[in-house]
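Spelled out from the first residue to the last, the chains are:
2 protein chains.
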Amino acid sequence: MRVILAAGTTETGLVDGISAAGAAPEVMVHTPAADAEILVYGEPAIAPVTPVSPTGCPTPAAITRAVREVVGFDVTVLAAGLAKPTAAPTVDLEAAPGADIREPVAVPDAESIFERAREYGASLPEDEDELLIGETIPGGTTTALGVATALGEPIGVSSSLPANPLERKRAVVERGLEASGLEPGDCAGTPLEAIRTMGDPVQAAVAGVAAGALDRGTRVTLAGGTQLVAVAAVLRHAGVSGRLRLTTTSFVAADEGVDLEAVGDRLDLEIEVTDPAFERSDHVSMARYCAGEAKEGVGMGGALSLVPDGRMGDVRERIETVCARLGVDDDRTRTELETEDSRGS
Amino acid sequence: MRVILAAGTTETGLVDGISAAGAAPEVMVHTPAADAEILVYGEPAIAPVTPVSPTGCPTPAAITRAVREVVGFDVTVLAAGLAKPTAAPTVDLEAAPGADIREPVAVPDAESIFERAREYGASLPEDEDELLIGETIPGGTTTALGVATALGEPIGVSSSLPANPLERKRAVVERGLEASGLEPGDCAGTPLEAIRTMGDPVQAAVAGVAAGALDRGTRVTLAGGTQLVAVAAVLRHAGVSGRLRLTTTSFVAADEGVDLEAVGDRLDLEIEVTDPAFERSDHVSMARYCAGEAKEGVGMGGALSLVPDGRMGDVRERIETVCARLGVDDDRTRTELETEDSRGS
Numbered sequence: 002m003r004v005i006l007a008a009g010t011t012e013t014g015l016v017d018g019i020s021a022a023g024a025a026p027e028v029m030v031h032t033p034a035a036d037a038e039i040l041v042y043g044e045p046a047i048a049p050v051t052p053v054s055p056t057g058c059p060t061p062a063a064i065t066r067a068v069r070e071v072v073g074f075d076v077t078v079l080a081a082g083l084a085k086p087t088a089a090p091t092v093d094l095e096a097a098p099g100a101d102i103r104e105p106v107a108v109p110d111a112e113s114i115f116e117r118a119r120e121y122g123a124s125l126p127e128d129e130d131e132l133l134i135g136e137t138i139p140g141g142t143t144t145a146l147g148v149a150t151a152l153g154e155p156i157g158v159s160s161s162l163p164a165n166p167l168e169r170k171r172a173v174v175e176r177g178l179e180a181s182g183l184e185p186g187d188c189a190g191t192p193l194e195a196i197r198t199m200g201d202p203v204q205a206a207v208a209g210v211a212a213g214a215l216d217r218g219t220r221v222t223l224a225g226g227t228q229l230v231a232v233a234a235v236l237r238h239a240g241v242s243g244r245l246r247l248t249t250t251s252f253v254a255a256d257e258g259v260d261l262e263a264v265g266d267r268l269d270l271e272i273e274v275t276d277p278a279f280e281r282s283d284h285v286s287m288a289r290y291c292a293g294e295a296k297e298g299v300g301m302g303g304a305l306s307l308v309p310d311g312r313m314g315d316v317r318e319r320i321e322t323v324c325a326r327l328g329v330d331d332d333r334t335r336t337e338l339e340t341e342d343s344r345g346s
Numbered sequence: 002m003r004v005i006l007a008a009g010t011t012e013t014g015l016v017d018g019i020s021a022a023g024a025a026p027e028v029m030v031h032t033p034a035a036d037a038e039i040l041v042y043g044e045p046a047i048a049p050v051t052p053v054s055p056t057g058c059p060t061p062a063a064i065t066r067a068v069r070e071v072v073g074f075d076v077t078v079l080a081a082g083l084a085k086p087t088a089a090p091t092v093d094l095e096a097a098p099g100a101d102i103r104e105p106v107a108v109p110d111a112e113s114i115f116e117r118a119r120e121y122g123a124s125l126p127e128d129e130d131e132l133l134i135g136e137t138i139p140g141g142t143t144t145a146l147g148v149a150t151a152l153g154e155p156i157g158v159s160s161s162l163p164a165n166p167l168e169r170k171r172a173v174v175e176r177g178l179e180a181s182g183l184e185p186g187d188c189a190g191t192p193l194e195a196i197r198t199m200g201d202p203v204q205a206a207v208a209g210v211a212a213g214a215l216d217r218g219t220r221v222t223l224a225g226g227t228q229l230v231a232v233a234a235v236l237r238h239a240g241v242s243g244r245l246r247l248t249t250t251s252f253v254a255a256d257e258g259v260d261l262e263a264v265g266d267r268l269d270l271e272i273e274v275t276d277p278a279f280e281r282s283d284h285v286s287m288a289r290y291c292a293g294e295a296k297e298g299v300g301m302g303g304a305l306s307l308v309p310d311g312r313m314g315d316v317r318e319r320i321e322t323v324c325a326r327l328g329v330d331d332d333r334t335r336t337e338l339e340t341e342d343s344r345g346s
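Protein sequences appear in the order of chains A and B.
Each position in the first sequence, counted from 1, maps to that position plus 1 in the working numbering.
Each position in the second sequence, counted from 1, maps to that position plus 1 in the working numbering.
A few of these clues could be false.
The list treats identical chains as interchangeable, and a pair is accepted whether it falls inside one copy or across any two copies.
[What the hints assert, rightly or not] EDC-like cross-link-like pairs, simulated, lysine to aspartate or glutamate; straight-line CA separation at most 20 Å:
id, residue 1, residue 2
1, K85, E116
2, K85, E95
3, K85, E280
To be clear, the hints were calculated from the coordinates, so they are not data collected in a lab.
Everything numeric in this text was worked out from a predicted model, so none of it was measured.
Excised from the complex, chain A in its bound form (with noise of 0.2 Å):
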């Protein structure tokens, strides 16, 4: 089993306020190089960060690593508009870092980076029969929601914030409309337009991967939330006919903006949901999963759902460890955390 991260960054998820992935903006930068390095070697490498959320969530990057601890999985990391450099060993996708979705042009290069991941999908080995692929960029749900309206599609977004900043996504992407000259629904039918407008360099690299691997045969697994949702419907416009299946966490599912199986039908897309029963555990890690933080990101939800029957109970206690590990869960960051709990934030 592959699981492919495609890491790279926007400006978008700069906008103050609309991202969880990271404590402030200037480390949020480094965000997906960390989490590719934790994803890969357990921890940080060069990259100066562990990503945890203002409140001390930490990255699901530390929750997929921790699955992979037990039960084993590949993984490639595609390098997709990376703004810091990583140790994590990656395949370049040559993609610039996204503009802010508020330019005219957010993706200069969205049908290079498209076609380079299609071919790099398609080279896949056919022994290689499933693939997932995940995600890691903060801002992602804003240009997910900024891509989906350029197609119109009505989906719903979620967030890495217990209280989602819809408004504020919202006005976002009515002003990345407006620098674009579109309205919604305009690129309906062209998707790789609708992402050099108003998406990111991670979509076109995830529908590329997934275009060349489904039009080799392999079945392909999206393993995120709302921002996968909104590279299924890239898919679709593009006219990629073949099975898809979303695997996302019970976090995601639980959002009451989000409705997976209105998107599962409209688009076509097998929807599977993980739960990891983080309620079981009073780590705070898992507790701040459970009051509806980070929620998805870094392919947590499909590598959730390689964990075989009976061992969930060994992941909740992999993640301790990871998380003792990238130094989340000492003394200092659980008073921070409750004063936190206790100011209401």
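Using the hints provided, position chain B relative to the given structure of chain A.
Just chain B now, kept in the frame of chain A:
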């Protein structure tokens, strides 16, 4: 356990008759890219060839991959002078392919490759307490002889051909020294200068990763034959005094031109020899190794050292599976081999 594979090329490999790492010079340039893909994916992806010697001996990548399929280990590929693209994820050392050592300068960027590799080796998490470092570079035993001669280290070098074209290699090295204005031993104590004038980019990469990892207290095993003996000499001449082990195959140890015990003493290098007992198989691939072809490469000896007692039979069986996947053991190949054999080549 992580196996790091430094993959690169040198135009020295194109000198007529010095390497068997590919059926012909025009395909040999793809060998490192293909080896990396075989190790990562189990077969070539975008590389257009499966590396086999002129008589049909499969690349050691097939053996190392078979071990990986039996025992499981992580792989990181370092792009250290690749001349062709690979679909394997890589850590990019920004190394150019090496020039022919008969030019005045063979590796102009030796120092920057070494420094980037050292930074990478030092960045690996402490959790990774042991590293195996292997190589793939056609022509690498000739550049090994070049560097060892420039350092004044009397090491013998092995060959991927059953009959080592040692005179030819010596002649290439002599012309190289002349072109660089060097006498044997002139680079003693300045090993990066030895690589710059007489070596290849993969040597700089392996030496750098080893130096960085040793700095950090990680145990390092050089997984290879005389090419990595030359790298051990580079490390000792660079003043690196940490504990170093070299693990190689019984095929290298059986080479009369190589005295592993003597170089082990000279370079303070712990020597470990692994014997996969290929004589117990009548499969064409393993028979070629018993006939003295290939011998080592792509971390083969080091990978074999990871096989637990009693499981080498599983590895030999898996080699047949991998070879079948690579199309190495079909009737055509076997017939060709028999024809070659009957011609006494």
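Status of the hints after comparison with the structure:
no.: 1; hint: K85 with E116; result: between (23 Å within a copy, 19 Å between copies)
no.: 2; hint: K85 with E95; result: both (14 Å within a copy, 16 Å between copies)
no.: 3; hint: K85 with E280; result: neither (35 Å within a copy, 50 Å between copies)
Against the hints set out earlier in the document, a violation occurs for number 3 only.
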